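Trainee: In case you want the letters, here they are:
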Amino acid sequence: MVGGLPSRRTLLYQAGLAAFALGATPSWAEEIVKLPLAGEPRDRPITNDFPQKRNVILQRTQPPLLETPMAVFDRGVFTPNDQFYVRWHWAVIPNAVDADTFRLTVHGHVDKTLSLSLADILKMPRVELAAVNQCSGNSRGLFLPRVPGAQWAHGAMGNARWTGVRLKDVLDLAGIKAGAVQIRFNGLDEPVVAEAPDFKKSLELDHARDGEVMIAFGMNGEQLPLLNGFPLRLIVPGWYSTYWVKMLSDIEVLDKADDNYWMATAYTIPDTPYANITPGQTGVKMVPINRMPPRSFITNIAAGSSVSAAAATLARGIAFGGDAGVASVDFSADGGKSWRTTTLGPDYGKYSFRQWQTTFTLPDKGEHSLMVRCANIAGEVQPDDANWNPSGFMRNVIEAVTVTAS
Amino acid sequence: MPRHALATALLTGAVLAPTSAWVQNLTTLKSENVDLPLSDRQFTGSGADAINNNCLACHSADMVLNQPAFPKATWEAEVHKMINAYKAPVAEGDVAPIVAYLMQIKGAD
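So the protein lines, in turn, are chains A and B. Sequential numbering of the first sequence, starting at -15, is according to the working numbering. Sequential numbering of the second sequence, starting at 5, is according to the working numbering.
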């Protein structure tokens, strides 16, 4: 923390914990975090201005983009609802949802159109699942060359226990007609300009009916915060959050592939390994973004920290396997030259964050690069080199934290 | 609920499974009614009128101010994406002043 003016404190990234220890932040204080982005501007305010949210990083006020501070991920594998990141596309977001009059409509290529109340849904057989929700552009602010878009550090992700009903069960109630191809999902948010494309996302029929895709009404045992999609949110385990439609109100069974803007143009990635291309490269086949690859992070040691040389130090963090469970997490204290395996925490299922920890001793004084690397049970390992694409999607390179031993 | 019950719930709930007692407690959902903060922040300095008049209806200024510096071609592409893909009603004559302002505050070679 930098001393000086009491009304503006600069907190080291990941040092947010100190703020909680001091208790409630006075309204006159504006806390600033410095994100580990590839360049300026790196400073962002910590905000308490959003409903059902506290101490989150303000990336954009309207429509809200709120990032989870890295220190939150150090406290456990489940991200608290009030610090779970937020991302909306359009500025027209209902600020109130009536639980009695809300209806979820199922229509299109079905035997019977449904209009389900929340009470109807709460009566259906329930399932629960721990799963990571991660923005397609998480860590975009680390892309080099830089790309336009939300300049997230690593906090556009979170892990929660989702409670709800199987999408398959809801579709079966409506009865899918032969010839159905995809299922399209729409929420209550709307564009400011009427002609602009409403935000809708689609899944292949077999994926939608796999018994894992669910409609959640519970998040970590509570109803969802409005900004995370109250009252209903689609949960697509192992896939990027763009498919996890918030305030889900409309399910349409399609008899042809969805060509709407949000499927055909936005949220597409190069059809290459790691969605990687060279800046300026053209003529690349683009496909809708889909499954997540593995990632891992150190959560208890901030970049730029001091570590004592020749003393055992604890390193701890989180990992997730993407669409397959975590098989192992390796740690390097020498910039990736040598690796050792870490001890994994409890397993909450293949789609959840999993905690890892190890101890290490730095051999000499000076700068050292700490790294962590996840392999999933499908054998996929985080790559050594960062990917690049013009949308800043799907980063999963091995991340490094530079520390100084003294 | 007791901690051991929670632990049991988590173990059994690892992958889609019949729900445990703590989840069954969620028997009703309560209506939500919140206030979402609005930003009144404006772009400042010379040449800011066009961007203030055309861009702030759909997104607050912080989205732009948090961007790194980009070359002119990138900013032109962004403004045209807002117009063509997101249907921002920007008068053709305002495009050049918006790009000029973006280059002034966030321009790169």
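Calculated directly from the structure, the hints in this document are not laboratory data. These numbers were taken from a predicted model, which means no experiment stands behind them. Check each hint, because a few of them may be wrong.
As the list claims (entries may be wrong) - Derived lysine-lysine pairs resembling DSS-like cross-links, with alpha carbons at most 27 Å apart:
#	chain 1	residue 1	chain 2	residue 2
1	B	Lys85	A	Lys269
2	A	Lys152	B	Lys34
3	A	Lys107	B	Lys34
4	A	Lys184	B	Lys85
5	A	Lys269	A	Lys184
6	B	Lys34	A	Lys269
Trainee: Could you run down the list of hints and mark each one as holding or not?
Mentor: Status of each hint after checking the structure:
Of the supplied pair hints, the one linking B:Lys85 and A:Lys269 holds, its CA atoms being roughly 20 Å apart against a limit of 27 Å. A hinted pair counts as satisfied when its Cα atoms are at most 27 Å apart, and A:Lys152 with B:Lys34 qualifies at roughly 25 Å. Restraint check for A:Lys107 and B:Lys34: the C-alpha separation of about 16 Å stays at or below 27 Å, so the hint holds. Under the criterion of a C-alpha separation no larger than 27 Å, the hint pairing A:Lys184 with B:Lys85 is consistent with the structure, at around 18 Å.
Among the hinted pairs, A:Lys269 with A:Lys184 is consistent with the structure: their alpha-carbon atoms are about 22 Å apart, no more than 27 Å. The hinted pair formed by B:Lys34 and A:Lys269 fails the criterion: a straight-line CA distance of about 46 Å is larger than 27 Å.
When held up to the earlier numbered hints, the structure conflicts with hint 6 and nothing else.
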